[in-house]
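S.K.: Given next are the chains, with one letter for each unit.
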Amino acid sequence: MRGKPITLLVRLITLLMVIILPFTSGVSTAGCDVSEFDIDGLKVILKKVDSEVTAVSLFFKGGVRNIDPSNQGIEPLLFGTAKRGSENYPMDLLHSELARMGTSIFVIPKMDFTIVSLRCLSRYFDESWDIFTDVLLHPALDEKGVELARQELIARVRRQKDLPDSHVRMVAWDLFYRDHPYALKPQGTESSLLSISTADLKEYHKNQVILSRLLLVVVGKVDQSDIEDKVVSSFGKLPRGEYRPKLLPEVKGNRMPGLKVVDRDIPTNYICGVYSAPGLKEKEYYPMQIAINILSNRLFEEVRTKRGLVYQVYTSLDKVSSNDGILCLTTQEPSAAMEVIFLEVGRLRNELVEAKVLQDTIAISINDYYLSKGSVSTQASMLGRYELNGSGWEDYLRIEDKMKAVTPEDIMEVAREYLENINFGFLGDPGKIDRELFLF
Amino acid sequence: MKRGGTTKRGLAAYLAAVFLLSAFVQSAPSQVQRYGISSTILENGLEVIAVENHNVPLVTITIAVKSGACTEPPAYDGLSHLYEHMFFKGNKAISNQESYLERLRELGVELGRLANGSTSTESTLYFITLRRDYLEQGMIFMKDAIQSPLFDEEELEMEKRVVLAEYDRAEATPRRCLQQEVDKRLWYKYPWRKDVLGDREIITTATQDKMLTIQKKFYIPNNSALIIAGDIDPKEIFNMAGEIFADWQRREDPFMKYPVPRHPLLEEVQEIVIVRPVNTISILIGFHGPSVSEDERATYAADVLSCILNNPASGFQKNLVDSGLFTSCSVAYRTQEYTGPITIFARTNTQNLNTARKALIEEVQRIGQEDYFSDEGLKNARQRLEAQQVYDVELASMFAYTLGSWWCSTGLDYYLDYIPNVKRITREDVEDYINTYITGKPFVIGVLLSQEDKELLT
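Top to bottom, those sequences are chains A and B.
Mind the numbering: the first sequence is residues 0 to 439 in numbering that gives the first Met the number 0, read in order.
Mind the numbering: the second sequence is residues 0 to 457 in numbering that gives the first Met the number 0, read in order.
Some hints could be false.
[What the hints assert, rightly or not] Computed spacing ranges between beta-carbons, pair by pair:
#, chain 1, residue 1, chain 2, residue 2, range
1, A, Gly252, B, Glu153, 41 to 47 Å
2, B, Glu451, A, Ser165, 20 to 26 Å
3, B, Glu153, A, Asn253, 57 to 63 Å
4, A, Gly345, B, Arg175, 35 to 41 Å
5, A, Leu438, B, Val272, 30 to 36 Å
6, B, Arg175, A, Asp228, 32 to 38 Å
7, A, Gly345, B, Pro419, 34 to 40 Å
8, A, Phe105, B, Lys422, 44 to 50 Å
Treat the hints as calculated values from the structure; they're not laboratory data.
Every residue gets a Cβ at the ideal spot worked out from N, C-alpha and C, and that includes glycine.
Using the sequences and the accompanying hints, generate a full structural model.
M.R.: Next comes the structure, spelled out in structure tokens:
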């Protein structure tokens, strides 16, 4: 189809409805009306729901794979500038229209992709889509807009260090992902953001915004034919390109326990650990999710409820392609808290969880999953993540079954496999910690 | 609308209704209103609000109590918050926190996203989100927690440690330090009535008696609302609530017996500089805004103005952010019964520090000039607020919580009529609001910066 106008394709599809079936696969899972289709290299996932709100997530694939140290932050800078005005919607008109409709456009840079998302009232979907695609495909990228977007991003990068929670997480992340592509910062660094010129952005937009690099997810009150028409008339002129994501190196097996201490004069101590975890594609992902939920619950009970050592303690699982989990707490008594935490990690590795604990935790995890399905924006984001980092969007609709299949043996196996070699960041008073304790 | 004296719209129609929902429910059947909301008031005064939303098979049970920092005399500074923590401990049905957590897990709930509490200046909220099948058990669980907390001495001592750890976390956050210093000056006569975290010493020395005092005063049905949102049938909810909460005894309205003093007006502009090891410079300006019962119309005008000024196409944003002086600048008004704060929060950098600070103060004073904002900006702001309410309603669990917060400060009717009232806001209303609360009025300005940047401050 390369080079051929997509409109022709759609006309043919409209005329030959029988032929469309093998071309556009509609999948109905658990009563949900989800379909996927491909228009000249642009994959579209559509979930039709009867909602007053419609959400669109456009995934710009690659994330850290698209950047090097010199151009970190180029995607949020590009799309952040685009939000300041486009060919048909100069700044004032753009924001006046967005306000009139109550529509929002967000740019979210992640490790494996940048998401540009749209949230609007369903009754304004047509007009909102028009703005969204004009911003994406025909950004103005004038010098002033670039400078303002740049300053906003630099302020955000600086602010990360002002917030102890995000600072300690960054310290742990950098330690764990040293010499891995995830050490790059999709949101940019101060120096990389300063070095990206307007010409760089225009060049990047021209060469990188190609159909094969995009994934479009729509959740809302929209018909497939409507989306097809819209995609053709907006994205139709983009080249298909030949984007293929590079595989990232494995982290698991290459890490020893680690600790990086940052001396900071603050009223408490912040600790964050990063450890290797199975990715969404792996069968161990769901046992790991349940294992982590059991551990989180036990930590809350043992460290906070019984001993009052922390206000906050939790561990959670990420959804990046080279996956990890994090374990975070704030405490005045880091050594006492860490001792209990490692006891609990050991317990999960060495003792089978009771059937009741497992069943309760599965029920909790399923409720948490349902909670995430409450908004169309979250659904759009999750369908895209499962499509790109998992085995396909269908898995997002099958989470309940996958969780229910987890056994106590699965829990012990993943705990033994993954809950070790944790790399910790510490922010606070170094005099309060026993460093050996962290090298579990 | 006076706090504590909530009247229900259409009460006469209610009383004329023939059938009763339940023997325990007041003779006022519920009225389905906007967003799938219907409500009723039990005989004991507990307002029950049902919000139908069948997106997912979950229900969120929220209990909202009109309690919080605004109700605290100095000797109780921070204890509404400590009380909130004690909600998650033992009660007459469940002896201690371990059993409490165990019971939560049996209901498919754990503390965090599925169950939590929060304390604010005018509200204390508790919620659990669970499968629809567990609705009745969830309601009984919440009833036991709200009606019969034990305040066991040992658990109280343990929870003080947790609350102090939360306190430490807040103090480690630079923005909180800035906010606290501005608030101390903005609410100079009764700062403790706006400070949720409170006083360390008061928390450390808190006793079971003080917890019981708070319970007796505020944790009564006629000072609370039960909000249930999600995959529900409102009729079932009202019947169930009527049975489960029937023995919760009504008492004297605490806001009549212990009136909350009004914050006196600011007398002069005050400026403070807070030095912390930060990489960004933040400026926070605080004004006294309207109180719901004293100037309700101004509360809608306040939201409309904030929305106008936060639009990137507004003159305000162009002069402050597009000019390069600030990297961001936002305006907010918080709807409150006891003087809602108007805040302007902006971030700048070292090069622009002095120019930006001066420009911000001048720009704020220009807001009152004729034609500072366009008719289109006004219309768009009203529409954005309307859209925002649709977004708020989408996620039932969050909405139950949001509604609880509104209920405590404004009552349900205010929320239900919010958009019609916002739509009625005219240019004159916004100008009146600006002239009454902003132009030429005293304010507190705080600047948060590093020691190096402080030396550049002129």
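S.K.: Each hint should be assessed against the structure and marked as holding or not.
M.R.: Now the hints, each set against the structure:
no.: 1; hint: A:Gly252 / B:Glu153: 41 to 47 Å; result: 46 Å, holds
no.: 2; hint: B:Glu451 / A:Ser165: 20 to 26 Å; result: 22 Å, holds
no.: 3; hint: B:Glu153 / A:Asn253: 57 to 63 Å; result: 46 Å, violated
no.: 4; hint: A:Gly345 / B:Arg175: 35 to 41 Å; result: 36 Å, holds
no.: 5; hint: A:Leu438 / B:Val272: 30 to 36 Å; result: 43 Å, violated
no.: 6; hint: B:Arg175 / A:Asp228: 32 to 38 Å; result: 50 Å, violated
no.: 7; hint: A:Gly345 / B:Pro419: 34 to 40 Å; result: 60 Å, violated
no.: 8; hint: A:Phe105 / B:Lys422: 44 to 50 Å; result: 27 Å, violated
In this structure, the earlier hints numbered 3, 5, 6, 7, 8 are contradicted, and the remaining ones agree with it.
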